[in-house]
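Turn these sequences into a full structure, and let the hints guide you.
So the protein lines, in turn, are chains A and B. End of the first sequence sits at 507 in the numbering used here; the numbers just go up one at a time, nothing left out. End of the second sequence sits at 1502 in the numbering used here; the numbers just go up one at a time, nothing left out.
The hints are all genuine.
Some chain A residues close to chain B (C-beta under 7 Å, calculated; not the full set):
id : residue
1  : 126
2  : 472
3  : 475
4  : 476
5  : 477
6  : 480
7  : 483
Restricting the straight-line Cα-Cα distance to at most 25 Å, the calculated cross-link-like pairs of lysine-lysine (DSS-like) are:
id : chain 1 : residue 1 : chain 2 : residue 2
8  : B       : 1480      : A       : 472
9  : B       : 1480      : A       : 157
10 : A       : 472       : B       : 1138
11 : A       : 255       : A       : 313
12 : B       : 1104      : B       : 1424
13 : A       : 472       : B       : 1499
14 : B       : 1124      : B       : 1104
15 : A       : 157       : B       : 1138
No lab work stands behind these hints, which were simulated from the structure alone. Please read all numbers here as calculations on a predicted model, not as lab measurements. Yeah, the Cβ is synthetic: ideal placement off N, Cα and C, and Gly gets one too.
Residue strings, one per chain:
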Amino acid sequence: MPDIPSPIRNITIVGGGAAGWMSAAVLSKVLGKTNHKITLIESEEIGTVGVGEATIPMILMFNSVLGLDEDEFIRETHATFKLGIHFVDWKAVGQSYFHPFGTFGVDMDGINFMHFWQRMARSGGNPDYGRYNAETMAARDNRFGRTPKTDLSTMPKINYAFQFDANLYAAFLRRYAEARGVIRQEGKIVKINQQPETGFVTSLELDNGKGIDGDFFLDCSGFRGLLIEETLKSGYHDWSEWLPCNRAAAVPTEKPEGPITPYTRSTAREAGWQWRIPLQHRTGNGYVFCNEFISEDEAVSKLLTRLDARPLKDPKVLRFVTGHRRKMWNKNVVALGLASGFLEPLESTSIHLVQIGLAKLLGYLPRFINSYVAEQYNREMLAEYENVKDFLIAHYHITQREDTPFWRHCKYMGIPESLRARLNIFTETGQAAVQQTELFKEPSWFAILIGQGLLPATYHPVADTITESELKQRLSQIRTGVQDRIMTLPSHDAFIAQHCSAMTRTN
Amino acid sequence: MTPQFVNKVVIAGRDAACWLTANALLQAFGPTGLAVEVVELPSRLSPHDVYATLPALEAFHSMLGLNEYEIMKTASGAYSLGQSFANFSPSGPAFFHPYGAHGKALDRLPFIQLWLRAHHSGMKVDFEDFSFNAAAAKLGRFFIPNDQTDMFARSDYAYHLKAAPYVQSLKSTALRRGASVRTSRHIEAIRNDQTGEIAALNLSDGSQVSGDLFIDATGPDSLLLGGAQNVGVESWRTWFGCNRIITASAAALRPLPPYSQVRALKSGCLHIAPLQDMTGLTFAFDSTLASDDEALNIAAMASQLRLRADAVADTLEPGRRSVAWAGNVVAIGESAANFDPIDSLGLHAIHQSLVHLIGLFPVNGSEGTERDEYNRIMASHFERLRDFQISHFKLNQKVGDAFWDAARTEPPPSHLAHKIEMFKARALMPMYDDETFEIDSWLSSFLGHGLTPEAYDPLVEMLPDDQLIPLFQRMLGYIKDQVQDMTSHDAYLELHASKNYA
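Okay, structure coming up:
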């Protein structure tokens, strides 16, 4: 790809779901109006995939870049707080574990806390490591509270993310972006013009006759990848040999009786898993499955029998293939969101992958489009996808379940070499050898691997250098800190009611 | 003359009194060849029954060679740093009776005198705020007293133990130590007509068990002492209005309070004892004021707990047998003295009886010297314990509630009356022989119930305010720092004595 000396001034975003409006919002905030013109094309006819969307704590960084008032953002998107994910029936039917945001205990003597926990558990101590994690304990009690910035105590802080309505989120960010000069064009794209020699996209034509020029295009058009795939033929790397789920049936339900849980629930099912994402006004539910193991009709009917409240709509089935575009940045097009690839929402990474794409894009944003930046972007984004992919595969592959063909398949399938190496090191050392740039850190790998039933053979020898009474003293101190923190937290419902109930929206 | 030694003790009875006795006698006299045979009567424990104890039990357990953590695990035990007394006056706040001392004495001036002086000059800090135990309990902390805490003030702790598994574990220990056991639905004593002593017991299977010394651990029925030996009861009903008792349970409290609660209600007293896996409730009440069903509702309302459907009602008849030892029968437990549940005296009374029985163990079964001394000491022990209990009823301020008005107007026993008079004058606390509760417990109860001394020790007047105030600030700061660093009750149990894990 030759370098083209064309300065980026007109940025055109194709598609107005969460990915499109996240892009519009952050670009308008960071780039301003002086040198850049940002246009977003969306068609009300096409609609968005948006369901109840769960996030991970990195979204707080995104919100802070935008300068959002968190309570307002929550009210506008009917959001709830999320402390982690409750995985039910994944290791074995009847067993569950919690993957919390935040860490377990306190690292000591230069090694991870979990080594000390292992020593204690192996000598017959209470194996419930969740007691050393504040988010887990708060989730068990349906409590939530933010840790004040002024809190200098030694109690663990509460890490959190949100569960929100993706359509409301898009609408909220649309207001934000439009207020900062983003121009929204309503219409369906009927023709895409490319420069004959380079293949760069030059302009788009809409069904209403309008033409939209651009120097740089963000493809947020969803699974189809209007620019990145249908126009530029970037290619798709299919990962379904490891992540075979290829359908999701989604249905919202009424707000159920009882407290709003400050966490997402993922329940393993015969041919995949079911999500439960509580929002303030309703609950998002869905069954992610593989159609080779269960038919769409059967999956939908099973989903409908496994809801804790009345459905608000008919279930909608989405189809996808897990994997990624071989080039997420191709020529003058960057794909974001579903256009760039698909990883099932098992660890709520969809919004994050949009966010990280935008962060990298802005981090490297060149004055002139060039292949070096594109290649670097693609390398880094692929690494992000690969990491998440391995993490997701671990959920399926490490299991005691063999009760259905789907689970037998997952348990006995081959896995990527990168994951195999990680599982080996974890088994030998109790550490997942997480590198700095990886999204999921040691506590996350620990929670999932142990939760799924992979116990390390041993722990770090340094954990044996203190006496047993010193060990117990330290662990009970840490445990006390967690308990003290929990006692400072109100119920999740009370916190929302006091700070950010959607019922108190100002408009 | 060669003394005719007691070779065989027969313990007839049930539950803690029975099995603590077996353990204590075997531990003390097993090496001398003493045989211990237990005639076990059907247990009267409900699955939810809780033994609340006093601090001295820790030493008793260790004397018996029982491991504290093992007992806590087996009996879903919780620690208790003291008791919270609520609602004994219509307006006053709850007060805390800590199992330990308050503050640090200055030279020879007791802390209470320092506190009173400051209190009289307007200091608002409560007496109990100078107690490690009270401060720790309020924060849900637990600690094992150490040299550092003891340098400041004495601290102790007690237990809440689920009765049935605790007894089960005492029983297996006793059997391991060589006790033999026979079960019987009922017993009948066969007396030696000449001596009036018991020669043997007839069991429900027709067999007979003979022995030199008989322990009556049959409970309030007092089948051997009261029945066979015809020893009468000195009733304490005049000071204790409650004649009925309901026990019930609820789910475990979270976090687990390291103390028990006593709440004064219109018709009696509600006791709440937390355990690792449940909460024990005991409501002692006056049956002329509430039926069993009403009492159960009252307990549920007052505790704000969802009670399980396992409540049991029984009669309550406080008092003691005029002697605890008659002929060759020694009564241990409720067969000797039956206490109101306030202040958690049940196991403690057993423990005291056993300590003294071991000390005065007869050379032969009919020896009178030891018996007389034992009876003197135990009567005194039981009455001093009873007096402490009466202080809660006597000093209540629930004016207008008939039950409590009666308790307040009833003249107290003379020892207690004297204590109250001395305290009112200037916080003096005369102490008698055989007291279980130490000075600080009495001070805590009297002050907590709103009794205010009219004056204080004139020696304290020599201390200038600018010396006293910083002294108090240092004490409070020290307690605060220490307590902050303590581990929570839950964390301590989880790491050391959790029911489910080591």
